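**Student:** Quick note, the sequences are listed as chains A and B, same order.
At the far end of the first sequence sits residue 251, using our numbering, and the numbering has no gaps.
At the far end of the second sequence sits residue 360, using our numbering, and the numbering has no gaps.
Derived from the structure by calculation, the hints contain no laboratory data.
Given the structure is predicted, the values throughout are model-derived calculations rather than measurements.
Keep in mind that a hint or two might mislead.
Unchecked claim - Each computed SDA-like pair below joins lysine to any residue, with the alpha-carbon atoms no more than 20 Å apart: (1) B:Lys-154 to A:Leu-157; (2) A:Lys-212 to A:Leu-157; (3) A:Lys-107 to B:Asn-127; (4) A:Lys-216 to B:Arg-85; (5) A:Lys-212 to B:Ile-119; (6) B:Lys-71 to B:Glu-41; (7) A:Lys-212 to B:Arg-85; (8) B:Lys-154 to A:Ile-110; (9) B:Lys-19 to B:Leu-120; (10) A:Lys-246 to A:Val-235; (11) A:Lys-195 to A:Tyr-127; (12) A:Lys-212 to A:Pro-225; (13) A:Lys-107 to B:Arg-85; (14) B:Lys-71 to B:Lys-19.
To be verified - Pair ranges (Cβ atoms, derived): (15) B:Glu-76 to A:Asn-108: 24 to 34 Å; (16) B:Phe-86 to A:Ile-183: 44 to 54 Å; (17) B:Met-183 to A:Leu-102: 35 to 45 Å; (18) A:Val-85 to B:Gly-186: 43 to 53 Å.
All C-beta atoms, glycine included, are put in the ideal place defined by N, C-alpha and C.
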Amino acid sequence: MSTVLILFCVLSAITLSTAFLTIFSKNPIHSAIYLVICFFSIAGHYLLLNAQFLAIVHIIVYSGAIMILFLFTIMLMNLNEQREVYRPRITRLGAIVSFCLICLVLITIFINSKPIVGEYTSTGEDYQSIKVLGKILLNEYMVPFEFASILLLVAMIGTVLLSKKEKLEK
Amino acid sequence: MDSTIIIEKSVIIVAVFALTMLMAMYSTWAERKVAAWLQDRVGPNRAGPFGLFQPLADGLKLFSKEEFEPNTPNRFLFFVGPAIAMSTALMTSAVIPWGDKLHLFGRDILLQATDLNIGLLYFFGVVSVGVYGIMIGGWASNNKFSLMGAVRAASQMVSYEVAMGLSMIALLMMTGTLSLREISAQQAGMNWNVFYQPLSFIIFLICAFAETNRTPFDLAECESELIGGYHTEYSSMKMGFYLFAEYANMFISSTILAVLFFGGYNYPGMSWVVENWGVNIANVLGFGALFIKLCGFIFFYMWVRWTIPRFRYDQLMHLGWRILIPLSIINIIITGIVILRADIAAYLGF
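Pulled out of the complex, with its shape left as it was, chain A reads as follows:
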């Protein structure tokens, strides 16, 4: 077995086991910490694919910022007693529909990316370098890139608005 394959197997085992432990562990803080380990192993997968930039950005954004805020809120909420939150039927339906939509998006990504990825491998361009990545994002994928940034902006404004509204009602 080659080193890459061994590394891949170890990383996949860590990813899958920590992902399951995230769901099954009773303590919310332990869940969050398992999720952090899971994110690190996913960054390891990116490194195996030679995508250094993606790996580091993944660590900075997910492990370094988002999960810290998660841990932060969980610690402040003091979730000592575990109780099953009652979820209305419409929420469950919504969850199923959004899961199906995510699957649809993933399938289209896999189908559509195959020729493009082949193209990059055949031209031999170093697509782990930031320069090439930036050019691709701002030339070929300009519109989706801008849409993603608008989505983030809308999410940010929405959060600010929601927190302000709560304050006013008090």
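Fit chain B to the supplied structure of chain A, relying on the hints for placement.
**Tutor:** Below, chain B without anything else, positioned relative to chain A:
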């Protein structure tokens, strides 16, 4: 060929590790000496000449102290906290260029553990992970003061990382690369980035203070309010690891400041030395230059610690979000306008 690279890199890694540890050890001594000097005292002077063996005595004391454990359901996490703090403090030094290269045994040896082309992002990644050591340790201590310290540290570090990243973007627009080796090489002569990006330097410096949890930003361990912050429940060498990690972080961030803004290993007249005395001497001197610069920054850290009192928490957040972030965005806009103007001038052929 392969084995020589492995040997070469291992030697460099061990040397950098030893240097970081030694500097962290002697920073504790220097801190007490600087404090004594600023407060008109003598400072440690019993162990060895000028108290130079004081760090060894402190280490021995910490090792031999009783290992106390609080009544916590998370014993494993309680152990993991200091380990994470220490390992992240040591990891950053991998991408720092300590000098250009040495020519030994007929081969060029780069004085750097690894030259990533995203070196700066690696630094940010490791720094952002460093918060976990404090958060997990503080939470697992099962003590409300520790938890408060941990939560403060986390919110402070996350807030100041934003300003730090934005201040870096202005610098990156100018250098056009994320590799610390190339950034150092671009500053040859006296082209130090601090002359071109003074605002970016000041913002980065303030954020570096906040990231290392040093005064005036040491709200995470603020004795008068929180007993000892996140390390209230720690004792013996676990406590020592937290303190050691702080000094190692201080050493690394001083080095990053010197590399990014103060020319790294460059010194005036380096090209003359290369021509006349050879590459090896030039780069040993270069390492010396970097070392002097970073010692200057470490002294600055200590000087500030014993001069400026601690901020209040709302002042800290106000400074981070309302002053530093808008300033760094303005800095990015100004840099963009200047670069665009230069590009247009070059295009039109002035």
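**Student:** If a hint holds in the structure, say so; if it doesn't, say that too.
**Tutor:** Results for each hint:
| no. | hint | result |
| --- | --- | --- |
| 1 | B:Lys-154 to A:Leu-157 | holds (11 Å) |
| 2 | A:Lys-212 to A:Leu-157 | violated (41 Å) |
| 3 | A:Lys-107 to B:Asn-127 | violated (41 Å) |
| 4 | A:Lys-216 to B:Arg-85 | violated (49 Å) |
| 5 | A:Lys-212 to B:Ile-119 | violated (27 Å) |
| 6 | B:Lys-71 to B:Glu-41 | holds (18 Å) |
| 7 | A:Lys-212 to B:Arg-85 | violated (46 Å) |
| 8 | B:Lys-154 to A:Ile-110 | holds (16 Å) |
| 9 | B:Lys-19 to B:Leu-120 | holds (9 Å) |
| 10 | A:Lys-246 to A:Val-235 | holds (16 Å) |
| 11 | A:Lys-195 to A:Tyr-127 | holds (17 Å) |
| 12 | A:Lys-212 to A:Pro-225 | holds (19 Å) |
| 13 | A:Lys-107 to B:Arg-85 | holds (17 Å) |
| 14 | B:Lys-71 to B:Lys-19 | violated (34 Å) |
| 15 | B:Glu-76 to A:Asn-108: 24 to 34 Å | holds (29 Å) |
| 16 | B:Phe-86 to A:Ile-183: 44 to 54 Å | violated (34 Å) |
| 17 | B:Met-183 to A:Leu-102: 35 to 45 Å | holds (42 Å) |
| 18 | A:Val-85 to B:Gly-186: 43 to 53 Å | violated (32 Å) |
Of the numbered hints stated above, those contradicted by the structure are hints 2, 3, 4, 5, 7, 14, 16, 18, listed in ascending order.
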